[in-house]
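Enquirer: Residue strings, one per chain:
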Amino acid sequence: MTSIAETLYHSEESEPHSTHHHKENFITKYIFSQDHKMISKQFLITGIIMGCLGMMMSVLFRLQLAWPDSSFPILETLLGSKWAPGGKLDPSFYMGLVTIHGTIMVFFVLTAGLSGTFSNLLIPLQCGARDMASPFINMLSYWFFFLSSVVLTISFLIESGPATVGWTIYPPLSALPKAMPGAGLGMTLWLVAMVFFIVSALLGGINYITTVLNMRTKGMSMNRLPLTIWAFFFTAVLGLLTFPVLLGGALLLIFDRSFGTSFYLSDIFLNGEGALANSGGSPILFQHLFWFLGHPEVYIIILPALGITSEIIAINARKPIFGYTAMVISITGIAFLSFIVWGHHMFITGMNPLLGLVFMIFTLIIAVPSAVKSFNYLATLWRGNIHFTPPMLFAIGLVSFFISGGLTGLFLGNAAIDIQLHDTYFVVAHFHIVMGCAAIFGMMAGIYHWFPRMYGRMMNNTLGYLHFWLTFIAAYMVFFPMHFIGLAGVPRRYYQFTVLPEFGIWNDVNVLITVAAIIGALAQILFLYNFFSSIFCGKKSEQNPWKSNTLEWTAPVERIHGNWHGEIPQVHRWAYDYSKPGFEEDYVPQTVPVSDNEEQLAFEHVLSVDNAKNEDNYTVSFSSLMLKWLGLKKS
Amino acid sequence: MIAETLKIQEESKFNPKKFVVWLFVIAIIMFFAGLTSAYIVRKAEGNWFNFNLPIQFTYSTITIVMSSFTLWLTKKSLLNENLRNIKVFLFLTISFGLLFCIFQYLGWKNMNLQNLYFSDDANGDKISASFIYVLSGLHVLHVLAGLIFLLVVFIKSLSNKITINNNLSLQTCSIYWHFIGIVWIYLFIFFNIT
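Protein sequence lines correspond, in order, to chains A and B.
So that you can map any letter, position 197 of the first sequence is 197 in this note's numbering, and since no number is skipped, the others follow by simple counting.
Remember, this note's numbering sits 1000 above the position in the second sequence when you count from 1.
Don't read these hints as lab results, they were simulated from the structure.
Where a beta carbon is used, it is the ideal one built from N, C-alpha and C, also for glycine.
One should not assume that every hint holds.
With a Cα cut of at most 25 Å, we get these calculated DSS-like pairs of lysine-lysine [said to hold, decoys possible]: (1) 1076(B) / 1017(B); (2) 1161(B) / 1075(B); (3) 1017(B) / 218(A); (4) 1156(B) / 1018(B); (5) 1075(B) / 1018(B); (6) 1018(B) / 218(A).
A few chain B residues facing chain A, derived, Cβ under 8 Å [what the hints assert, rightly or not]: (7) 1020; (8) 1023; (9) 1034; (10) 1042; (11) 1045; (12) 1119.
Here chain B stands alone, though its shape is the one from the complex (with noise of 0.2 Å):
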């Protein structure tokens, strides 16, 4: 019954506050449209360097859909109302992207080994390696940014304040940090294929 009105409140009408954090998703989607299409205007002028991306960003991808996989198992608890679950699965999202985020510095590190930096003034080719810097640097930056949000969220609900009448900072929460994971994925696809 009570999860069937979350359903009904959650259907009928947006709440400010989360039309808010979608128009901040739309301006971050611009944002990585506007880099990738740089990649792409730059790419196409030629004098380009390929490489294979680290394999520990294959690594950070399959974490980040795990965190984003914790983080629907936390919404799920909360509509069973199991207030030690939500604890427990907003944690493991937390490792998740902390781990994530270890994962790009691997991965950062690993290019740097391959003699790819983030600038390489003698080598013009070697952009390609800066905007993999740059685009995985922003999008990290982004991350972290979800994690500090998530952290908030965790924090309140260690005091059982994530309710099920009460959980609107989960909703915006789990709406940016699904967003941000989309957006890796997005890069990461984008990054294997152009």
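Okay, chain A solo, but in the shape it has when bound (with noise of 0.2 Å):
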């Protein structure tokens, strides 16, 4: 009954895609376009454009901590005497750069311009839907976005400039808009973005999670789908429980601002008199309220990008990918984890020890689905037939980036090892490296491999391989030394710290750090090059250039509202059937049925749920897929 009806259904709903013709202007196909391609690629190009801007900013205020007494007379001429007196930055203006460069990196590039990607992207293509469940809601998505993305950075061209308070906002700072002058509209500014940006994000989580569980094709059970899309569905997951405590958290915030409510604001004390009218208000409440979403946040930046990863590494290897099963469940584990840990942000604000350790305990359990994910990868690799290109290259940068980011993460896990390296650089590197260039590298991999699925053309390799070589070894040398300088106790966000005198020794490896820096910058611009040159005149891609097994290759490269010409391909296979002894190719799409003498390898047969008997029953639900795998339920 089940599977008629749904055959039903989507008979109807394909019905006006595939024969009716959309008549298409300049503004339903570009602009306000519906089609979940197209949307796709206004994110990734306002996230490309959004993550150059974070990352000028990071050179700017590179440059300052690196020659903190010099003076630059070129940054006077490029953001006038306000913000960059005699050539060096102001004070505040660097406050303001260190939270915008990170508010727009965590949200606008690798939450929006990462999921936001490659979720439109991939959702509906590898799944078999003709677009999202509602193509409208994925509109409004991006646009909210898009206001929220014009927003943030219209807080730079307002006179008390933008926010300065770091990127997590804490109060009383960020509550008090007397208390400097980028806690004024700057802030506003910075919270109005946020509402927007949180609109846009459950907008389309909502929609990710519809069109994974209901709208995939014939054939597509739960158990067949690629890792990228258990990664998108994760996200869009955490991403639709956290982002409304934030919201939460945010609105009573602007209360606190702009009514006089006392929810974070207590009484300050200045030369001992009351200086706030307020009074009995905890800003701790805002750090458990922001961290609630914060934590997850950081997987909703990293899953998108381990998935893409996952897919990358078993084509280029031309290898199954090593233990699916493990790899979901792994995902599950972190994603349900992550609810559990947020408290490990906050180890030094007096929080109880015992309550500390619980937190202590699940952080620290996160290290085993993340090893057994990295264990994977490097057994899908393992000898594998290696193909070294440029996505390929960079998934295997972020499993580099992700081991060694990680590992620094099993010691600020630890409560009595945290109270020393809180709010040090060991901080600031260790989730530079694990989140920050993990994700980025996942991005890029995803952008190098699915860029001719977007644009019909291939990107050049040549300045594939120099941007990721560049890139990879510019990113290590910034963010490794900043391990020792945070070991040696060295706070982060500080203008000037080397006038310290026992700071003072860490000059010339802030220099490296910088120079490092540059070199990396400079790096990005052989990829923007490439990427935008690509789009016009790249080399005409094959319909599948990465002889790769899912759906989205045998969609037509042109661009059609539908993605299929008639009949949506019905799967009969997983993902992953690469180098299948038998076959003549290395590869052996989806679509292709199995045939009754085909050899069942082992894991595929323990992940064929139904196989040829039960080919229609394609709903397996989630809920049963997990008890089976987890072992507690026997079919």
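Mind assembling these two chains? They're in different frames, but the hints should get you there.
Expert: This is how it looks when you write it as structure tokens:
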């Protein structure tokens, strides 16, 4: 019954798409487009622009850190005498740069730019759907994101400057508009931008979840989904469950700022006199609400990158992904654990040590699923027929960063060690490597890999290799030395810490880091050139340039709304039949039916719940799948 | 027979649009769960002024239950294909919803009379009142959104567009409206026991 209804439903839905010819003008095709492929390009290009902004900001404040006493007249020319008087960054502008760099990179590039781009592109294409469940909501999601980006960027153009309270916007600084220039209008704009962003993330996430669960093509059971889709699915679940909490926390902050409530503000005494009318508020409360989002947020960032990597490593090693089920279960485990570890950002807030212990244990348990993923990547590479294409290099780069950054996570997750390392450069190094670099590398891998799918052309390989090696080396040169600065106890976000006698020795290291950062930034110009020139004059790509199994490469390259001419292809196997014995090619697309005498590999056998007998019944529910995989349910 | 078909349709497969509404419901649950957790955390820190909820909140609770009841009757009349009753009960649902908002407003006025203001800077312990204003206020915003939704369905029903075969808007609206009623009941119980 279920399957019949589903089939009916599908045929009903798909009819208008496949037969009806869309009349499109410039606005509906390129601007207010409801086609998921166009929306993904919009997300990507907005993300790239925001990424460039964020990167330029980092170069600016790196200049200040390396040569705190020199003056760069060019800065005054570029930024004006208000932000760089005498060619030296203004301290409050420095804080503004740090704040907005963090905000842009975490939310606008690595959340919207990464998950927004690839969820939009791949969920319908790899699941075999005509479009998202609600193309209109999808379009809204992009435009809320766009609005949010504009509001945040505009905060640089106002007189008092952008928010300067750090991307974590801890009260009381962020709750007192009069505390400093950057806590005034700039902070208000930050909050407005974030509210729009949350709306965008929720609308997008709701669409992604609905599409994955309800709109898969015939034969695409949950256990045949490519790992990318599993990752995007859990990313969306995390976003759906945590962004509303941040919204609540931000609203309370807005009430404190604008309506005089005392949720986060307590009495502050200056020279024995109460400086504020407020009393009784709890700034720690904000930290709880913020990090309840903030911690899952880092998995919202890294999971899509990990999903993309799984796919690219399997394709370019020409081997089935090692431990598909383990991969899915570890994603589930990470997603679940991410909700109960937010306290590790707050070890030094005077938290009950017992509570700290609980948070610490759960935090360290995250190392288990993360290690499972790393081992599976390495095992997939092991004795594979590795093709070192640019996306593959970036994917391997991700694995490298994920391991080296993850190892420092073990230090920071430990409450006792964290007391020393909290808010130092060690933390900066840790999260930049494990979530900044790793996720950016995942994003780059995805861009190089799916560029032919998006634009029908290939990116230049030579430039790709150059881009990879320069970025990879520069990234390690930037963030590796920061561990040592952090171990010495240098706090983050300081404008000129080398002026302090005990930290003066780090000046040379700061210069090294800045030089590496500039090299890394210049390397991105190669990427930008490669990306934008390839859109127009790259080499035309074949239908399936990477010889991949998944459905997106069966769809025609030219842009049609509805993805496939005629029927949606049916799926007969999982996505990882690479180098399968008995086949001429080293890949077997998911659309190839299973022949009677085809050998079923051991791991494949475990996977196929249904096989030919139940080919129609592809709606394997998520919960029953998990129970089966965890051994709690016998099939 | 037709009623049976509808039932089968309802059971067999959830429509993606309906699923979207359920996801919104989950997001709203997390929103209020976050805020009520904030309430618990803040209360545990002490310096907390306890007071009795205004009686109007009890009345509003009864109203919102009534509105859910009439919405349920709407669905009943849909199954019986009684198009006139659909309009009547939808109208009643909207009226109860509006009445709910009025009671909430009167409740806030009552709190104001007891010197419990939304922002009372000097008395940090009266943050309990701020929390109740914020939670009930944000809830009323959701109710207003639900009322707009109900109004759209009501206008549709006036031209007999809500039929046994075409009632997705009524179904999704019902999910939302019942849910938003449950949120208030949760908040009401939460305020009373904590």
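Enquirer: All hints are to be evaluated individually against the structure, with a verdict given for each.
Expert: Right, here's what the structure says about each hint:
no. : hint              : in the structure
1   : 1076(B) / 1017(B) : holds (22 Å)
2   : 1161(B) / 1075(B) : holds (14 Å)
3   : 1017(B) / 218(A)  : holds (20 Å)
4   : 1156(B) / 1018(B) : holds (18 Å)
5   : 1075(B) / 1018(B) : holds (16 Å)
6   : 1018(B) / 218(A)  : holds (21 Å)
7   : 1020              : holds (5 Å)
8   : 1023              : holds (4 Å)
9   : 1034              : holds (3 Å)
10  : 1042              : holds (6 Å)
11  : 1045              : holds (6 Å)
12  : 1119              : holds (4 Å)
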